[in-house]
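There are 2 protein chains.
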Amino acid sequence: MEYHFSDRVSNLKPSAIREIFKYASVPGMVSLSAGNPSPEAFPAKEIAEISARILAENPISVLQYSVTEGYAPLREHMMTYMRENHRTGSDNDDILITTGAQQIMDLCTKALVNEREKIICEAPSFIGSLNTFRSYNARLVGVTVEHDGMNMEELEEKLRANPDVRLIYTIPNFQNPSGVTMSLEKRRKLYALAKKYGVLILEDNPYGDLRYSGESLPNIKSFDTDGIVIYAGSFSKVVSPGMRVAYTIAPKPVFQKLVVCKQGNDVHTNIWSQVVCDEFVTKYDFNAHLQRLRDIYAQKATFCMELLDQYCVPKITYHRIDGGLFIWCDLPENADMPAFCREAVQHKVCVVPGNAFLTDENAVSHSFRINFSTPTDEQLEQGIRTLGELIQAY
Amino acid sequence: MEYHFSDRVSNLKPSAIREIFKYASVPGMVSLSAGNPSPEAFPAKEIAEISARILAENPISVLQYSVTEGYAPLREHMMTYMRENHRTGSDNDDILITTGAQQIMDLCTKALVNEREKIICEAPSFIGSLNTFRSYNARLVGVTVEHDGMNMEELEEKLRANPDVRLIYTIPNFQNPSGVTMSLEKRRKLYALAKKYGVLILEDNPYGDLRYSGESLPNIKSFDTDGIVIYAGSFSKVVSPGMRVAYTIAPKPVFQKLVVCKQGNDVHTNIWSQVVCDEFVTKYDFNAHLQRLRDIYAQKATFCMELLDQYCVPKITYHRIDGGLFIWCDLPENADMPAFCREAVQHKVCVVPGNAFLTDENAVSHSFRINFSTPTDEQLEQGIRTLGELIQAY
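First to last, the sequence lines map onto chains A and B.
Take the first sequence: its position 386, counting from 1, is numbered 687 in our numbering, and each next residue is one higher.
Take the second sequence: its position 350, counting from 1, is numbered 651 in our numbering, and each next residue is one higher.
Errors might be hidden in some of the hints.
In this list, chains with the same sequence are indistinguishable; a pair is considered to hold if it fits within one copy or across any two.
To be verified - Pairs of lysine-lysine, DSS-like flavour, derived with a Cα cap of 30 Å:
no.	residue 1	residue 2
1	Lys323	Lys553
2	Lys553	Lys490
3	Lys346	Lys584
4	Lys553	Lys584
5	Lys553	Lys496
6	Lys616	Lys346
7	Lys616	Lys490
Hints were generated in silico from the structure; no laboratory data involved.
All chains should be modelled from the sequences, with the hints used to inform the complete structure.
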């Protein structure tokens with residue numbers, strides 16, 4: 302049988318980093334290439350308590366079919382919580398529970414972007430989202446990420462040059478992979494440009510609650526008096542990614558289309574996990590839990606940066622972070638980054654090559670991404686010392 | 302803001318039956334319009350036991366990120382189980398765990414069907430799948446369902462007339478909505494035609510385990526020596542739909558594309574529920590559980606058919622069933638079916654109008670669908686008696 306695949310999927314090239322990821326599970330390998338929450342970060346005891354209670358008291362409510370929009374108490378709670386705590390969402394918006402935030406990217410592309418229409422992305426950006434956009438045959442237009450977020454002149458230039466841009470995709474807080482947080486000024490400018498050019502913003506904020514130093518900046522969605530921002534929030538980094546529960550706050554007309562698309566996608570999100578998330582955020586001290594996570598990650602991030610300072614700087618430079626799970630490292634301009642990453646693998650350390658995060662994977666990059674939330678302190682020390690030894694040899 | 306939606310979604314018309322479904326939750330309404338498993342059918346005690354054990358022993362394993370392909374022990378078990386019990390799947394196939402079987406329809410359309418290419422569907426067929434196909438701007442071609450499955454002459458005619466057909470979608474056992482089971486002869490013929498015309502078959506089998514009388518027929522996938530059948534199985538009707546766990550057994554080249562699409566869709570299926578399903582089917586007596594479900598549904602189906610015989614026949618005729626959750630009823634040729642369904646709602650009974658299940662929702666239908674798994678016996682009696690009274694007045 303000769304299989305006939307759709308144009309969308311035929312155009313999907315095997316990822317350049319697949320090779321690297323394959324090595325992450327090799328015994329003895331120190332993987333700095335993942336993005337998993339730290340094993341200490343899960344509220345496992347509370348989840349077990351909640352789940353046991355629900356399954357004893359009202360099992361059918363979490364085992365039966367449910368509604369596409371999501372568990373009503375969780376939707377209501379998150380809508381109120383996001384309004385009161387983050388000025389995010391208004392009467393013109395509605396909230397949809399999704400199967401992880403990845404599904405938000407999927408539904409938005411499906412509902413808003415025709416094949417060959419364009420999505421503006423930060424360069425670099427989260428590879429998972431880029432691949433979702435690609436899987437609908439959308440065209441990606443990259444805008445350079447600076448220390449304080451997208452270059453706004455370049456953004457306007459690209460908006461002007463591409464009237465078929467349908468979405469601007471941004472991760473404003475502790476961006477994956479760069480670790481960069483967009484400045485308040487740029488957030489306002491981004492909003493103004495999107496409004497001027499009639500383009501929707503897709504604001505992806507999985508790490509916003511994981512700020513361990515400095516002051517929080519307002520979500521772009523908090524400026525949204527025009528109904529042009531779709532906000533993506535997630536429980537993956539603050540409760541559990543294995544449960545696949547996230548939510549989007551979107552202008553009502555967009556929300557309605559996302560609901561129709563989700564119905565055809567998976568009918569509804571696992572209702573058992575939705576109810577567990579709801580009880581965890583409403584009946585337990587969620588703020589204390591977030592503070593515990595921040596403490597865990599602050600300690601790990603600080604340790605990771607100390608190791609980089611000790612073993613790698615100045616040959617490897619990096620952007621200091623105030624939150625999130627990733628650190629972006631730059632090799633000297635003349636370094637062969639892919640060769641460096643391959644050599645690291647030979648010395649039992651996995652990092653993700655920077656070009657994996659570009660809208661054009663074949664573009665040149667001198668950077669790589671480190672994750673510090675998954676490895677143990679011992680693994681971090683071993684991995685970063687090895688990277689330091691390798692770079693000294695260059 | 303004037304929103305610009307994609308062609309896929311702009312072409313999605315609001316469903317003709319949305320109006321009817323809206324009434325199903327009105328207090329006092331007897332809903333014969335759902336498709337939910339009976340509340341008695343859930344192995345709630347076992348699920349609670351398994352879940353408590355996992356969360357006590359190894360919580361991180363079910364709360365952390367997992368792999369796109371699905372939980373390895375569940376995949377291995379189902380692959381072996383389906384080969385040994387149903388001759389379904391071979392060394393040329395692989396198995397992917399999905400977020401409900403709806404996601405299989407989504408991934409297959411995405412990977413295999415370009416916009417405006419065609420999918421052959423049974424007429425009538427499951428509205429959820431039809432809407433998924435529509436959401437990718439695929440064109441639907443209906444083939445009449447007879448008492449023993451699709452009309453094979455019509456199928457060949459449509460295959461010949463439409464060289465851009467990419468999939469033949471069929472529910473061979475206790476089809477939703479018609480209740481029809483495809484004969485062995487037609488299964489073989491369907492396979493031969495698909496092979497002759499180089500088209501893949503998407504075999505959707507959510508109800509196969511719910512046969513309460515007669516002999517099981519082989520899955521179409523069991524004939525698949527040519528790698529042309531994608532099999533969709535689900536735990537929704539035999540464990541829990543709220544958990545959203547299903548699986549597809551597909552030829553390896555197709556499997557690989559489905560995995561890439563799923564990665565962009567929701568990364569992976571809720572791993573907690575995958576592990577619970579695995580333990581339930583491997584560590585408990587799954588066959589005894591299935592027998593219990595068959596007993597529950599046999600009793601309800603028999604009761605429902607007795608009520609139809611007593612109150613509605615001969616003005617309403619129906620196809621007797623040997624399994625599944627649905628009974629398909631026909632009004633006299635001259636009856637105004639939509640008016641009948643609206644009148645039923647006014648008398649506090651909801652059924653689904655037959656045209657909702659057609660590839661062209663505006664086509665004329667004299668049929669409606671009854672579900673007997675969700676209502677209580679009292680509700681069934683009240684609902685069907687009311688339908689009988691209404692039809693007497695016609």
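Okay, the hints, checked on the actual structure:
no., hint, result
1, Lys323 x Lys553, "between (42 Å within a copy, 19 Å between copies)"
2, Lys553 x Lys490, "within (24 Å within a copy, 48 Å between copies)"
3, Lys346 x Lys584, "both (14 Å within a copy, 24 Å between copies)"
4, Lys553 x Lys584, "within (29 Å within a copy, 46 Å between copies)"
5, Lys553 x Lys496, "within (17 Å within a copy, 46 Å between copies)"
6, Lys616 x Lys346, "neither (44 Å within a copy, 59 Å between copies)"
7, Lys616 x Lys490, "neither (35 Å within a copy, 68 Å between copies)"
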